[in-house]
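Visitor: Below are the chains, spelled out letter by letter.
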Amino acid sequence: MNPELEIGLYIFMLAGFLGYHVITRVPPLLHTPLMSATNAISGISLVGSLVVAGADYGPLSTMLGFIAVTCSTVNVVGGFLITDRMLKMFKKGDERR
Amino acid sequence: MTALSFFYIISAALFILGLKGLSHPKWARRGMFLAELGMLMAVIGTLFHHEIVTYKWIIAGVVIGSGIGATMGLRIPMTAVPQRTALSHSLGALAATLVGISEYFRHGSALGRVKMAAIGLEVVIGGLTFTGSLMAAAKLQELLPGAPITYKGQNVSNISLLTLIVALLVSLVAAPSAAPLFYGMVALALLFGCLMVIPIGAADMPVVIALLNSYAGLADAAMGFVLMNKIQIITGSLDGTSGFLLSLLMCRAMNRSAANVLFGAFGKVDAGAGGVAAEAKGTVRAIAADEMAVLLESVRSIIVVPGYGMAVAQAQHGVAELASLLGKRGVDVKYAIHPVAGRMPGHMNVLLAEANVPYDRLYEMEQINAYFAGADLALVIGANDVTNPAARTDRASPLYGMPILEVDRARSIIVLKRSMRPGFAGVDNDLYYNPKCMMLFGDAKESINRLFAALKS
Chain A
1 MNPELEIGLY
11 IFMLAGFLGY
21 HVITRVPPLL
31 HTPLMSATNA
41 ISGISLVGSL
51 VVAGADYGPL
61 STMLGFIAVT
71 CSTVNVVGGF
81 LITDRMLKMF
91 KKGDERR
Chain B
98 MTALSFFYII
108 SAALFILGLK
118 GLSHPKWARR
128 GMFLAELGML
138 MAVIGTLFHH
148 EIVTYKWIIA
158 GVVIGSGIGA
168 TMGLRIPMTA
178 VPQRTALSHS
188 LGALAATLVG
198 ISEYFRHGSA
208 LGRVKMAAIG
218 LEVVIGGLTF
228 TGSLMAAAKL
238 QELLPGAPIT
248 YKGQNVSNIS
258 LLTLIVALLV
268 SLVAAPSAAP
278 LFYGMVALAL
288 LFGCLMVIPI
298 GAADMPVVIA
308 LLNSYAGLAD
318 AAMGFVLMNK
328 IQIITGSLDG
338 TSGFLLSLLM
348 CRAMNRSAAN
358 VLFGAFGKVD
368 AGAGGVAAEA
378 KGTVRAIAAD
388 EMAVLLESVR
398 SIIVVPGYGM
408 AVAQAQHGVA
418 ELASLLGKRG
428 VDVKYAIHPV
438 AGRMPGHMNV
448 LLAEANVPYD
458 RLYEMEQINA
468 YFAGADLALV
478 IGANDVTNPA
488 ARTDRASPLY
498 GMPILEVDRA
508 RSIIVLKRSM
518 RPGFAGVDND
528 LYYNPKCMML
538 FGDAKESINR
548 LFAALKS
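In the order they appear, the protein sequences are chains A and B. The working numbering numbers the first residue of the first sequence as 1 and each following residue consecutively. The working numbering numbers the first residue of the second sequence as 98 and each following residue consecutively.
Same shape as in the complex, but just chain B (with noise of 0.2 Å):
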């Protein structure tokens, strides 16, 4: 054993170290700092591999690299981050693609069995999320149009595409010569990452995200297997089941199977329905930002709903300001988060983390439901789908059956909510025809500083 490997070894449980410090958000920090340690340690241990002969590049590319990592991990905001996770997971699996072809390049027919499946499964798993993610981030940075992009006989395209793909894979473990056959395998793969994105939503990101981050894992575990590197099975292994876990709850959240995701473009079908059985559902009552400032005077508890909508009108640190007015006043705020409540797992947290909201005021789904009945007000900004109530009573709804934040069960509600357009899944929201519900139309930053005057004056 040399004493890389005993380096490696330490950076592993190190790894792992960091990782456990996640499970608190005391701790996380700590844990972080001896992820980094190990990644150090890692790093500065390869620079003495034998087989090194020059640095020139390798100080070029940790250079160039540290420059825009550090950019992008220092000025992108908030927002942006399910961007920049879909970019991070592309140069991943980027990089296993690249070194995998330089195996090949380098040992071509000289290569063993195993040693070839491990170098196709890196190239194909690598190449589709490469492209894959970059289809995700140009999306999410709406480069790309959010509405799922469908056409006839996709679905059967994609899956003799993949087949293919599989085919030639099988073809080059049995005779690993064939080097067109090789490229050409690459190639499938890169066009099928493209392919098998374009259906999907906009809002239906947070599954897709996390299912390529498990790819990306997947990629890099195989490069553990073709260099025969135990510490990048262990991190890509790791990986590649957080990434996995992560898109089972976000579909769980949605009440959808990951194959109705992957391959039943939501969204788009049943946009018809919806409209038409509005108007017999009663009416809405409006309500103007002074009346609810005198609303809110009388008010003792608030559970505020917020949805992705209140981050594209950057409404998060009004509101924050908001809540912390109210809790002066005495009134207890608590914050109400569906797991699908942004656009990647997680991320409303951390956008009212930003915006200073303190974490023990942030409810998962589960604990908040019960606390709905004891409240006098909850108030709905920039959510939609995920309060509707038909997703509870009415089995002929598409929402049926997700689990959903049991907003009508408050004594009064307020929704913020630019127009009555319906959400994501086209399906109109019963709870805006709850005699119980006010909706205070207009911009959601705009309507909350008009709130602030009024409370003020």
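One chain only, chain A, in its complex shape (with noise of 0.2 Å):
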């Protein structure tokens, strides 16, 4: 196999397993924000867009490059800014306005 590929897969999968034990503690309380905030994370696909959009790579590349970065970049703008926007109201009974 391909060595690469043989450490990719073992990323995959170490964070599969990493994923399963951080998510399964986070209460069902959280499970909106948790899921807003999986989305912004995942925005991290901006990094790969972003050389598309910049390299020479042809006209067609650059330009699906360039929607590529403009989705990513709504999905990490808008996932933190509404994920935060959704944290800022949980309130404990004595920390109430």
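Everything labelled a hint here was simulated from the structure, so no lab data went into it. A portion of the hints provided could be inaccurate.
Simulated crosslink set (SDA-like; lysine to any residue; CA at most 20 Å straight-line) [said to hold, decoys possible]:
no. : chain 1 : residue 1 : chain 2 : residue 2
1   : A       : Lys88     : B       : Arg126
2   : A       : Lys91     : B       : Pro174
3   : A       : Lys91     : B       : Glu451
4   : A       : Lys92     : B       : Trp124
5   : A       : Lys88     : B       : Val211
6   : A       : Lys88     : B       : Ser120
7   : A       : Lys88     : B       : Glu451
8   : B       : Lys117    : A       : Gly58
9   : A       : Lys92     : B       : Lys327
10  : A       : Lys92     : B       : Glu451
11  : A       : Lys91     : B       : Glu418
12  : A       : Lys91     : B       : Leu422
13  : A       : Lys92     : B       : Val211
14  : B       : Lys327    : A       : Tyr10
15  : B       : Lys117    : A       : Asp84
16  : B       : Lys117    : A       : Met13
17  : A       : Lys88     : B       : Pro455
18  : A       : Lys91     : B       : Lys431
19  : A       : Lys88     : B       : Leu114
20  : A       : Lys88     : B       : Arg458
21  : A       : Lys92     : B       : Tyr460
22  : A       : Lys88     : B       : Lys153
23  : B       : Lys327    : B       : Val211
24  : A       : Lys92     : B       : Asp457
25  : B       : Lys327    : A       : Gly16
26  : A       : Lys91     : B       : Ser120
27  : B       : Lys117    : A       : Phe17
28  : B       : Lys153    : A       : Gly58
29  : A       : Lys91     : B       : Asn453
30  : A       : Lys92     : B       : Gly424
31  : A       : Lys88     : B       : Pro174
32  : A       : Lys91     : B       : His121
33  : A       : Lys88     : B       : Lys327
34  : B       : Lys327    : A       : Leu18
35  : B       : Lys153    : A       : Leu60
36  : B       : Lys431    : A       : Asp94
37  : A       : Lys91     : B       : Asp491
Quick list of the computed label-pair ranges, beta carbon to beta carbon [as the list claims (entries may be wrong)]:
no. : chain 1 : residue 1 : chain 2 : residue 2 : range
38  : B       : Glu148    : A       : Arg25     : 48 to 58 Å
39  : A       : Leu60     : B       : Asp540    : 50 to 60 Å
40  : A       : Leu60     : B       : Ala264    : 26 to 36 Å
All C-beta atoms, glycine included, are put in the ideal place defined by N, C-alpha and C.
Since each chain sits alone in its own frame, please combine them into the complex, following the hints.
Guide: As structure tokens, then:
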């Protein structure tokens, strides 16, 4: 097997197990913020899109890259903003306005 | 190792710490700050990538994307968060699909088998997630009918379509140069995404959104394999696991298998049986708002059971105010949250937090069921199927086995409901014929207002 692929598959598997343990500790109370947070974080596809939009791969690739950059940025910015907006609202009884 | 890979490793660690912060509301915002820092580092680091020759399109994309993202993030009401989430899955999947197409266009026949397989998975999963999430968002926004759209031979044709897509993928891995097959496969994946979601009803959306979350993560991970970008493999895998776990939780809360949600078109089939048996079950007692206000004077402990109907009536703020008024009079008020009470996992908690309900008053199903027997009053607002005792007792009921909130154990029960119409499952609720149960008919928001007026006078 190609060594790069092998490393990639190991990373994929280990991140999956890690995800299982981290996610099962998130209480149902925060499941909606969890989903918008993972959305925002998966906007990391922005880094791949940035290279496609900025490199000299030809006009079609540049255009596709530009659309991909726009979509990923919407996810990153929108995802983090709405997650924070939701988390701000969760208050304990003694912290209420 | 370049400086960039070093940046990516730190970013990955910050992302994981960010998600770990979500294990408690106290640390959640701090955790998200770390994740934001990680994102900023990864993006700034990437801008120094040696292949980038022009920033024109990057800047344009980031500016437009930030504008749309900020508007969506700051303006969207909390009731619309499920739509926004579905839309964001579709955008993420679109980005992955487009990058996959660009890679195929650039390398075409020169692609090795491994890379072709990765690109194939990226565009297929990305494509079906893109259109599937758009359909889900349209259903949630009520641009499309929320009821399942079914036709004869639906499952058979969907499965054949999926088989065809897989066959195309396999043939492309064997011979990557067949460009028409590649673009045909992308088109079929887009079509499959639509067909996959239209037979699923709006009330099943918690499962679908979580599942599409998982697919979006997998498309992202496939993109990581295409570009051999390890941080994308990590986030894709985390996202995939998270969505998958949430969809399993939702399925368990509805007592249904994932296959039943995806292929069952629930809610269309059982409508006939429930209505007929209803008359034999006994009488329903109605109560007026001023009578209920008198009753509230003598109550010491209340459990509020909210359902999505409460959010539809926009009654959550009134309910929260009522609860805090009662709280000031020394009444113990708790909220019982069923996992599928909203349109996505955890949605009801967010809606109540927005209405200024402190989160230590919100109880999960497993915790709250023990408290019902000691509660003077269970106040059911806009919830139906999740309170039906038939799920516990009646083997013939389609709800049998579904975990429910054991409202019928409370000393008295009041249900705020528009009419006697059955819930989503089309099943009559035995709870309403319980001698301890009274119904306050009408729009939930108006009922609460009338209750307020009566309580204050």
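Visitor: Now look at each hint and say whether the structure bears it out.
Guide: Here is what the structure says about each hint:
A C-alpha spacing of about 7 Å is found between Lys88(A) and Arg126(B), which places the hinted pair at or below 20 Å, so the restraint holds. With a CA separation close to 19 Å, the supplied pair Lys91(A) and Pro174(B) stays within the 20 Å bound. Between Lys91(A) and Glu451(B), the direct Cα distance comes to roughly 10 Å. Compliance with the 20 Å bound is thereby established for this hinted pair. Taking the CA atoms of Lys92(A) and Trp124(B), the gap is about 13 Å. The hint holds against a cut of 20 Å.
For the given pair, Lys88(A) sits about 45 Å from Val211(B) by alpha-carbon distance, which is inconsistent with the 20 Å threshold. This hinted pair checks out: Lys88(A) and Ser120(B) have alpha carbons roughly 15 Å apart, not beyond 20 Å. Note on Lys88(A) and Glu451(B): the hinted pairing holds, with a Cα-Cα distance of about 9 Å set against a maximum of 20 Å. Taken as a hint, the Lys117(B) and Gly58(A) pair is broken in the structure, with Cα atoms around 41 Å apart against an allowance of 20 Å.
For a cut-off of 20 Å, the pair hint linking Lys92(A) to Lys327(B) is broken: about 39 Å separates their Cα positions. Restraint check for Lys92(A) and Glu451(B): satisfied, since their Cα atoms lie roughly 13 Å apart, inside the 20 Å limit. The hinted pair formed by Lys91(A) and Glu418(B) meets the criterion: a straight-line CA distance of about 16 Å does not exceed 20 Å. For a cut-off of 20 Å, the pair hint linking Lys91(A) to Leu422(B) stands: about 18 Å separates their Cα positions.
About 51 Å separates the Cα atoms of Lys92(A) and Val211(B), which puts this hinted pair outside 20 Å; it is violated. Annotation: proposed proximity of Lys327(B) to Tyr10(A) holds, straight-line Cα distance about 10 Å (limit 20 Å). For the hint pairing Lys117(B) with Asp84(A), the CA-to-CA distance comes to about 15 Å; that is within 20 Å, so the pair holds. The suggested pairing of Lys117(B) with Met13(A) holds, with an alpha-carbon distance near 18 Å, which does not exceed 20 Å.
Distance check on the hinted pair: Lys88(A) and Pro455(B) sit about 12 Å apart at the alpha-carbon level, within 20 Å; holds. For the hint linking Lys91(A) to Lys431(B), the alpha-carbon distance of about 15 Å falls within 20 Å, and the restraint holds. A threshold of 20 Å between alpha carbons decides the hint, and for Lys88(A) with Leu114(B) the separation of about 19 Å falls inside it, so the pair holds. Restraint check for Lys88(A) and Arg458(B): satisfied, since their Cα atoms lie roughly 17 Å apart, inside the 20 Å limit.
Distance restraint check for Lys92(A) and Tyr460(B): the Cα-Cα separation of roughly 13 Å lies within the 20 Å cut-off, and the hinted pair is therefore satisfied. The straight-line distance between the Cα atoms of Lys88(A) and Lys153(B) is roughly 36 Å, outside the 20 Å bound, and the hint therefore fails. Taking the CA atoms of Lys327(B) and Val211(B), the gap is about 16 Å. The hint holds against a cut of 20 Å. A threshold of 20 Å between alpha carbons decides the hint, and for Lys92(A) with Asp457(B) the separation of about 6 Å falls inside it, so the pair holds.
Restraint check: the Cα-Cα separation between Lys327(B) and Gly16(A) comes to about 13 Å, which is no more than 20 Å; the hinted pair holds. A threshold of 20 Å between alpha carbons decides the hint, and for Lys91(A) with Ser120(B) the separation of about 15 Å falls inside it, so the pair holds. Proposed proximity of Lys117(B) and Phe17(A) is supported: the alpha carbons are some 14 Å apart, at most 20 Å. Among the hinted pairs, Lys153(B) with Gly58(A) is consistent with the structure: their alpha-carbon atoms are about 14 Å apart, no more than 20 Å.
Restraint check for Lys91(A) and Asn453(B): satisfied, since their Cα atoms lie roughly 8 Å apart, inside the 20 Å limit. With a CA separation close to 15 Å, the supplied pair Lys92(A) and Gly424(B) stays within the 20 Å bound. For the hint pairing Lys88(A) with Pro174(B), the CA-to-CA distance comes to about 14 Å; that is within 20 Å, so the pair holds. Pair hint Lys91(A) plus His121(B) holds up; C-alpha atoms about 11 Å apart against a cutoff of 20 Å.
Restraint check for Lys88(A) and Lys327(B): not satisfied, since their Cα atoms lie roughly 32 Å apart, outside the 20 Å limit. Between Lys327(B) and Leu18(A) the CA atoms are separated by roughly 15 Å; this keeps the pair inside 20 Å, and the hint holds. This hinted pair checks out: Lys153(B) and Leu60(A) have alpha carbons roughly 15 Å apart, not beyond 20 Å. Note on Lys431(B) and Asp94(A): the hinted pairing holds, with a Cα-Cα distance of about 15 Å set against a maximum of 20 Å.
For the given pair, Lys91(A) sits about 40 Å from Asp491(B) by alpha-carbon distance, which is inconsistent with the 20 Å threshold. Take Glu148(B) and Arg25(A): their Cβ atoms lie about 39 Å apart, and the range 48 to 58 Å is violated. Distance hint for Leu60(A) and Asp540(B): a CB-CB separation of about 54 Å, consistent with the stated range 50 to 60 Å. In this structure the supplied range 26 to 36 Å holds for Leu60(A) paired with Ala264(B), their Cβ-Cβ distance being about 27 Å.
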